[in-house]
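A.B. asks: With chain A fixed as given, assemble chain B onto it according to the hints.
Residue numbers (the working numbering), protein chains in the order written: chain A, 72 to 405; chain B, 72 to 405.
Since the hints were derived computationally from the structure, they do not count as laboratory data.
One thing to keep in mind: the hints can contain errors.
Because identical chains share one entry, a pair is satisfied inside a single copy or across any pair of copies.
[Said to hold, decoys possible] DSS-like mimics (lysine-lysine), calculated; alpha carbons at most 27 Å apart, straight line: (1) Lys-375 <-> Lys-154; (2) Lys-321 <-> Lys-375; (3) Lys-357 <-> Lys-386; (4) Lys-116 <-> Lys-325; (5) Lys-337 <-> Lys-321.
If you want the building blocks of each chain, they are given just below.
2 protein chains.
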Amino acid sequence: MTNATVKFTLESISEDLPKGDRRSLARAISIVEDGGPDANWLVQKLFPYAGRAHLIGITGSPGVGKSTLVDALITEIRSQGLKVGVLAIDPSSPFTGGAILGDRIRMQGHTMDKNVFIRSMANRGHAGGTALATYDAVRMLEASGYDVVIIETVGVGQSELAIAQTADTTVLVLMPGSGDDVQAIKSGIMEIGDVFVVNKGDLPGANKTAAEIISSLELSNTGSPWKPPVHVTNAETNDGIEEVWQSIRKHKEKLEESDLLQARRKSKVQAELIELVAEMARNNLKESLEHSPQVQKVLEQMLKHQLDPHSAANKVIEDIFQTNDRQPSNKVST
Amino acid sequence: MTNATVKFTLESISEDLPKGDRRSLARAISIVEDGGPDANWLVQKLFPYAGRAHLIGITGSPGVGKSTLVDALITEIRSQGLKVGVLAIDPSSPFTGGAILGDRIRMQGHTMDKNVFIRSMANRGHAGGTALATYDAVRMLEASGYDVVIIETVGVGQSELAIAQTADTTVLVLMPGSGDDVQAIKSGIMEIGDVFVVNKGDLPGANKTAAEIISSLELSNTGSPWKPPVHVTNAETNDGIEEVWQSIRKHKEKLEESDLLQARRKSKVQAELIELVAEMARNNLKESLEHSPQVQKVLEQMLKHQLDPHSAANKVIEDIFQTNDRQPSNKVST
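This is chain A alone, in the form it adopts within the complex:
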């Protein structure tokens, strides 16, 4: 309770964030990460400012050098005078390995730059929740005047890919000789990449990997007006980074010229609405499991094998959608 303590209210955040106040922005992202009525209120308030940034998804296996690439891209983007935000989605499992903490620290070279905002997003326990928090965190950055938002994910799960796909432009990062290229080609994952980067280009086989990607892209020609470029980079030395950035911008221009942008936005909005409704269902049920005797009875019947799960779900649906008109708390948070 020193004088240095700043009191934030939802009201003050919604006023100061659009003026570029970084502490309000940090607080706002925490609020939307937590979800709930306060988050809904903030998003509703700041929604008119949203939809302005170029959203870039960057994904790839652990160890391909994504964070170093992001770091180099930040420098490139800043040299164009643009404000850039980074949302780094933490991998959801301890098994993914990789020097995550070290990577984040590496990016901290930009912390003195007031036009760079880097944030790790905590995992919310299930994929849908993390994706929703990411959508809203992007809106907070947009409302605060960020021109470019990079969403960095470790591409080890369907959920991380889904998050990457909230982007306008998706950059798929691979490295030579990892076998990733073959896996990617086989599984049709190529389709989500708008720009391909073979990083660690100083390692043997970089050009071979790039050539394999190019020929596979030619085979799977979708007739799209955009032909995904393949870059060989060395993010440590900045080699090829400028070219990657130019490709990312060209992709955005191409989207804007064609009908693709509208189609992409529509499918993104649909996906978000679907996850939001699923999340509401989850939250309402969790509450009912604590407070509603009817719902508790259904659970007991399931446990006794008197009621199968699908019939049980049908029974509780009605009960849980009666408590839908909660208001934001608008409480003072320090």
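C.D. replies: Frame of chain A, contents of chain B only:
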């Protein structure tokens, strides 16, 4: 349309599956994987037979030898005269690597054994859906008389962990020197393991890894009546497999003696109910997005930034829960 074509109906499957008919079982699992009214009908019909098997979750990083371990466990379990089913959850991303196809082929040594049923579960695009299909596939195996069901997941994501936790007994597989042990200890992942296996025990450092796990388990003593054992195995040569199986059985006995089994079952049933309701919300909304002019209008307003996502979700909730009384098609499928 040859004479060899067998016609399945939901009715015939529900009659033949409990008699142990393998083709009906295979078909039933496909149906529950697809979801929808047919799946609901089957689960409802066969639910009285469910809840009988010992469910064993086996999870760990790619490359630790999970499939070889499962293969060795199948042999051990069969030597006890028990029927065993295996559900291998395919990793949800091509980035996870590993010789997945090769692993599956390795297990095919048991295909001639009529009391072993091995099945890869396709990923349903999001974690919740895959978990739900797994619950129902387990029920199909139980209804068909399987005493033990092994659920094998690649522990690379929160979702895979959630699937592993549908089990009664969770086996966490690690290998020496991978650094996994340290990651697991740090992240609190240890808590989900009921039995620990350090596989590839012929590699240097196996005993050191085991000792680290043991001392970390002692530190985090939860006062639970079950003290997770740590085994060093070499699944290739069957070393230590019998001991792992004995630990798995002892864990089940301990659960049954204590209140833990009931608590575990309750939290599993709750988790399933929550995911089912979320899935119903998703499916109903997807349908409404195609057919309901009101919902389509809401989507348009979101696209034009006239309506924020949270308000939109509230608006569509009512609309989508009016179409809840669909019946199973009971169609003839060949």
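A.B. asks: Does each hint fit the structure? Answer for all of them.
C.D. replies: Hints and how they fare:
For a Cα distance limit of 27 Å, the shortest separation of Lys-375 from Lys-154 across copies, 25 Å, qualifies, whereas the shortest one inside one copy, 58 Å, does not. For a Cα distance limit of 27 Å, the shortest separation of Lys-321 from Lys-375 across copies, 24 Å, qualifies, whereas the shortest one inside one copy, 60 Å, does not. For the identical chains of this complex, Lys-357 and Lys-386 are neighbours both inside a copy (15 Å) and across copies (21 Å), given an alpha-carbon limit of 27 Å. Taking the shortest alpha-carbon separations for Lys-116 and Lys-325, neither the intra-copy value of 31 Å nor the inter-copy value of 53 Å comes in at or below 27 Å.
When the C-alpha separation of Lys-337 and Lys-321 is checked against a cutoff of 27 Å, the pair qualifies only within one copy, where the shortest distance is 21 Å, while the shortest distance between copies is 53 Å.
Hint check: a violation occurs at hint 4 only; the rest are consistent with the structure.
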